[in-house]
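S.K.: So the protein lines, in turn, are chains A and B. Going by the numbering used here, the first sequence opens with residue 301, and the numbers climb by one from there. Going by the numbering used here, the second sequence opens with residue 301, and the numbers climb by one from there.
Keep in mind that the hints were calculated from the coordinates and are not lab data. In this text the structure is predicted, and so the values were computed from the model without any measurement. Please note that a few of the clues may not be correct.
Said to hold, decoys possible - Chain B stretches covered by chain A per the calculated footprint, using a threshold of three residues with CB under 8 Å from any CB of chain A:
no., segment
1, 482–493
2, 547–553
3, 560–566
4, 623–630
5, 639–650
6, 658–669
To be verified - Restricting the straight-line Cα-Cα distance to at most 27 Å, the calculated cross-link-like pairs of lysine-lysine (DSSO-like) are:
no., chain 1, residue 1, chain 2, residue 2
7, B, LYS647, A, LYS449
8, B, LYS449, A, LYS452
9, B, LYS346, A, LYS647
10, B, LYS339, A, LYS520
11, B, LYS520, A, LYS520
12, B, LYS446, A, LYS339
13, B, LYS446, A, LYS452
14, A, LYS520, A, LYS531
15, A, LYS339, B, LYS647
16, B, LYS452, A, LYS446
17, B, LYS452, A, LYS440
18, A, LYS520, A, LYS339
Idealized CB from N, CA, C, for every residue including glycine.
The primary structure of each chain is shown beneath.
There are 2 protein chains.
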Amino acid sequence: MDISERDQQDILDAEHAALEKQLSSLHTTELAEILMASKNDTERLKIISAMPDEQVGETLLELPERMQESVLSKLNASEIESVVEHLDSDDAADILQSVSAEIAEQVISGLDPEDRRGIETLMLHDEESAGGLMQAELFKVRDDWKARKVLKVLRRWGQTIENLNYIYAVNQHDRLTGVIQLHTLLFCNLDDEVWRIADADFPRVSVDEDQEEVARMFEKYDKLALPVVDKHGVLVGRITADDIIDVVHEEATEDMFRLAGLSDQDDLSEPVGITAYRRGIWLTFNLITAILASVVISQFEATLQQIVALAVLMPIVASMGGIAGTQTLTVMVRGIALGRITFSNAKRTLLREVSVSLVTGLGFALLIGVIARFWFPAYGNTLGLIIAAAIMLNLIAAGLAGALIPLTLQRLDIDPALASGTILTTVTDVVGFLAFLGLATVFLL
Amino acid sequence: MDISERDQQDILDAEHAALEKQLSSLHTTELAEILMASKNDTERLKIISAMPDEQVGETLLELPERMQESVLSKLNASEIESVVEHLDSDDAADILQSVSAEIAEQVISGLDPEDRRGIETLMLHDEESAGGLMQAELFKVRDDWKARKVLKVLRRWGQTIENLNYIYAVNQHDRLTGVIQLHTLLFCNLDDEVWRIADADFPRVSVDEDQEEVARMFEKYDKLALPVVDKHGVLVGRITADDIIDVVHEEATEDMFRLAGLSDQDDLSEPVGITAYRRGIWLTFNLITAILASVVISQFEATLQQIVALAVLMPIVASMGGIAGTQTLTVMVRGIALGRITFSNAKRTLLREVSVSLVTGLGFALLIGVIARFWFPAYGNTLGLIIAAAIMLNLIAAGLAGALIPLTLQRLDIDPALASGTILTTVTDVVGFLAFLGLATVFLL
Chain A
301 MDISERDQQD
311 ILDAEHAALE
321 KQLSSLHTTE
331 LAEILMASKN
341 DTERLKIISA
351 MPDEQVGETL
361 LELPERMQES
371 VLSKLNASEI
381 ESVVEHLDSD
391 DAADILQSVS
401 AEIAEQVISG
411 LDPEDRRGIE
421 TLMLHDEESA
431 GGLMQAELFK
441 VRDDWKARKV
451 LKVLRRWGQT
461 IENLNYIYAV
471 NQHDRLTGVI
481 QLHTLLFCNL
491 DDEVWRIADA
501 DFPRVSVDED
511 QEEVARMFEK
521 YDKLALPVVD
531 KHGVLVGRIT
541 ADDIIDVVHE
551 EATEDMFRLA
561 GLSDQDDLSE
571 PVGITAYRRG
581 IWLTFNLITA
591 ILASVVISQF
601 EATLQQIVAL
611 AVLMPIVASM
621 GGIAGTQTLT
631 VMVRGIALGR
641 ITFSNAKRTL
651 LREVSVSLVT
661 GLGFALLIGV
671 IARFWFPAYG
681 NTLGLIIAAA
691 IMLNLIAAGL
701 AGALIPLTLQ
711 RLDIDPALAS
721 GTILTTVTDV
731 VGFLAFLGLA
741 TVFLL
Chain B
301 MDISERDQQD
311 ILDAEHAALE
321 KQLSSLHTTE
331 LAEILMASKN
341 DTERLKIISA
351 MPDEQVGETL
361 LELPERMQES
371 VLSKLNASEI
381 ESVVEHLDSD
391 DAADILQSVS
401 AEIAEQVISG
411 LDPEDRRGIE
421 TLMLHDEESA
431 GGLMQAELFK
441 VRDDWKARKV
451 LKVLRRWGQT
461 IENLNYIYAV
471 NQHDRLTGVI
481 QLHTLLFCNL
491 DDEVWRIADA
501 DFPRVSVDED
511 QEEVARMFEK
521 YDKLALPVVD
531 KHGVLVGRIT
541 ADDIIDVVHE
551 EATEDMFRLA
561 GLSDQDDLSE
571 PVGITAYRRG
581 IWLTFNLITA
591 ILASVVISQF
601 EATLQQIVAL
611 AVLMPIVASM
621 GGIAGTQTLT
631 VMVRGIALGR
641 ITFSNAKRTL
651 LREVSVSLVT
661 GLGFALLIGV
671 IARFWFPAYG
681 NTLGLIIAAA
691 IMLNLIAAGL
701 AGALIPLTLQ
711 RLDIDPALAS
721 GTILTTVTDV
731 VGFLAFLGLA
741 TVFLL
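Start from the sequences, fold in the hints, and give me the full structure.
M.R.: Given below as structure tokens:
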């Protein structure tokens with residue numbers, strides 16, 4: 301059953317050809333799914349080598365960050381070059397920021413001068429800023445040109461640009477002076493000068509703007525693309541609405557993960573050990589705060605020994621505070637992220653949340669008080685009154701903490717979602733146990 | 301100091317004129333902020349009456365749903381008509397869906413026949429489907445026309461459509477046969493027929509598609525607008541990328557709110573009483589599960605009475621399980637929402653999460669075991685071993701529940717985020733208390 305080396309090579313070639321054929325009809329999203337489902341990078345590289353060249357870059361960009369970096373690290377400079385070649389400048393810059401500086405330099409030096417300049421500029425910017433999101437490909441014209449000339453140039457060059465919707469007008473210093481919607485060109489007088497037909501008030505994004513703010517501008521102005529300018533007003537790129545969809549997803553995931561005590565890099569494709577390590581950091585933080593709560597309880601050992609009903613009921617006090625606080629916290633964190641809670645209405649929002657916690661506090665204090673009264677009748681009305689007071693106190697503390705923690709973090713320029721869940725439950729656990737066991741020690745012993 | 305009625309009217313008129321002037325320079329986002337900050341609807345209506353007519357609709361659409369409905373309910377049919385007049389069909393349909401059926405009918409009957417048909421069609425669709433998102437305004441041409449004719453018609457009608465990027469080609473039955481990017485028209489031969497220059501493979505959305513899936517298509521294809529077709533392939537509308545940004549925000553907010561035990565209608569502009577009521581429902585649900593945990597604890601009253609250290613330590617077991625489970629839950633809910641966790645990789649993801657919980661379980665079992673051993677030395681190694689075993693068990697239960705709850709809910713076609721947080725903490729509380737107190741009863745008494 302020996303297979304000669306030659307035969308083996310033939311079989312491999314035939315396999316490769318079959319794979320190539322299968323892959324050629326797929327969209328990059330499907331290709332990315334196949335790569336994610338693959339066992340390891342060796343298998344992934346085999347599949348990549350069978351993919352159509354122009355699909356490789358877009359597919360790699362859809363992989364989770366870690367997997368992407370790992371695959372890229374196994375490609376050589378000429379392979380990276382052929383990946384980058386088929387990408388828009390913003391995506392090319394993203395890929396080049398993920399490979400070693402040495403390879404990036406090699407690839408960039410091989411590009412033609414204009415592409416090189418574009419990509420080098422993009423690589424200077426923070427990935428989460430407008431500069432990191434924008435692409436250099438756009439269609440710009442001098443604002444003293446006539447419409448006729450614009451059309452002529454557009455016929456010649458426009459076809460190379462994807463999603464061409466707006467034409468950007470600049471003055472002799474390359475400063476953005478206006479924006480023309482493509483279809484206005486079809487309706488205007490061909491002798492009109494660009495500055496006459498361009499919209500000078502079209503919104504623009506500053507290159508250093510944070511991506512969250514950029515997303516907010518897209519929501520506000522309902523445009524399909526916004527021009528990006530540097531601090532001198534010079535046009536440096538454009539951002540299209542479809543890129544913003546990714547940003548919005550990313551920011552929401554980050555907030556959800558941080559609220560749950562997860563690293564925003566927690567990723568399904570990561571090795572188990574690394575995920576366990578990342579989550580372990582947050583669990584350790586939670587352990588410290590849980591021990592703090594236990595220390596509070598241990599101060600009342602004597603009370604607990606005499607009235608074991610307290611041990612039965614105390615988790616209810618803590619748990620109700622934790623949930624009520626998380627409700628407020630989530631509303632606040634999301635409201636801040638969406639720009640609905642600002643410095644100017646923060647006070648009113650805080651008051652509102654405390655009012656809600658007063659109302660719910662009163663309701664649940666009554667309800668739980670009655671339950672405790674009938675569950676443990678041996679203590680008469682006292683136990684019911686004590687737990688009612690503790691619930692009331694803890695729900696108010698929960699409302700206050702749920703609102704104040706994110707507001708304070710924001711004032712300190714820290715992401716309001718970060719660690720606020722753990723800080724909150726520390727407050728509600730400590731206040732809950734302290735109030736309940738403390739009142740019981742005073743009134744029941 | 302009497303002011304005659306006439307003078308009073310003059311003052312009011314002057315005030316109104318001043319307000320009008322102030323408001324005229326503002327963007328709808330700013331106008332919406334002013335309305336949100338207003339005390340009540342009377343004040344809001346005063347401001348609205350001073351706003352430029354063409355801004356009113358867009359501004360109302362940016363208000364929180366409840367406030368929008370409340371303001372709309374105070375406008376009469378002719379006022380609603382002037383609001384709707386300045387809006388795109390999709391937005392007009394949204395407004396008309398929020399007013400009484402009677403007023404909506406009155407307004408619609410006053411529209412010209414084409415607008416009426418467009419809006420009536422839009423109002424048929426579920427707000428969260430492609431049909432609810434799409435707008436009727438688009439530019440369509442017959443696929444047997446010549447490019448010359450398209451340009452001629454476009455010159456005549458194109459100016460009325462905002463964000464005109466694509467031209468849709470249909471056959472004689474109005475079925476979509478292809479899409480032309482506006483700028484290809486500039487480069488083509490004027491004698492070419494439309495079907496020659498149109499892209500027949502351009503992605504399209506089915507009118508019943510859920511908005512979450514539509515958002516995924518935008519991410520997948522990176523287009524600035526997608527055509528919407530009915531089940532016969534007839535072109536019925538288009539959705540632009542900027543509308544999808546709102547959808548993505550909305551879906552993320554819904555998931556975050558549901559994870560935190562909040563109604564997805566929880567809103568900063570709601571009356572306190574209504575918010576308290578909505579949150580109260582979730583808090584009641586939580587109370588029931590908290591009582592369940594207390595019932596578990598009450599089974600071990602005798603044990604707790606003898607070993608009060610158990611009451612001190614038991615919240616640590618429950619809390620670590622709760623946090624670890626929430627981590628897994630959040631990763632799963634988000635992964636499902638983003639389409640990263642699908643039926644095909646669900647088993648692998650489940651295994652992965654359980655592996656992570658085994659690793660963290662082992663680590664924290666050791667750590668907490670040692671802490672308990674030295675905190676309460678009276679019980680020798682036994683208490684440390686017991687809490688270690690309980691932590692280990694609870695963290696595995698947390699991983700399993702955190703992964704299985706959202707997967708099961710999804711299989712049952714229920715939103716995986718809904719109530720899963722409360723179900724999860726019930727599991728971790730019950731398992732935690734049962735394991736810890738149960739083991740202690742067996743080995744320490």
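S.K.: The structure should be examined with respect to each hint, and the outcome stated for every one.
M.R.: We went through each hint and held it up to the structure:
1. 482–493: holds (count 5)
2. 547–553: This one holds; 4 residues, not fewer than the three required, reach chain A with a Cβ under 8 Å.
3. 560–566: Answer holds; 4 residues pass the 8 Å Cβ test.
4. 623–630: This one holds; 6 residues, not fewer than the three required, reach chain A with a Cβ under 8 Å.
5. 639–650: holds (count 5)
6. 658–669: holds (count 6)
7. B:LYS647 to A:LYS449: It is violated: about 60 Å lies between the C-alpha atoms, which goes past 27 Å.
8. B:LYS449 to A:LYS452: Between LYS449 (chain B) and LYS452 (chain A) the Cα gap is close to 20 Å, so the pair holds against 27 Å.
9. B:LYS346 to A:LYS647: Measuring from Cα to Cα gives roughly 25 Å; hence the hint holds.
10. B:LYS339 to A:LYS520: 24 Å, holds
11. B:LYS520 to A:LYS520: 24 Å, holds
12. B:LYS446 to A:LYS339: 52 Å, violated
13. B:LYS446 to A:LYS452: 21 Å, holds
14. A:LYS520 to A:LYS531: 22 Å, holds
15. A:LYS339 to B:LYS647: 15 Å, holds
16. B:LYS452 to A:LYS446: 21 Å, holds
17. B:LYS452 to A:LYS440: 26 Å, holds
18. A:LYS520 to A:LYS339: 44 Å, violated
The structure is inconsistent with the numbered hints 7, 12 and 18, although it conforms to all the rest.
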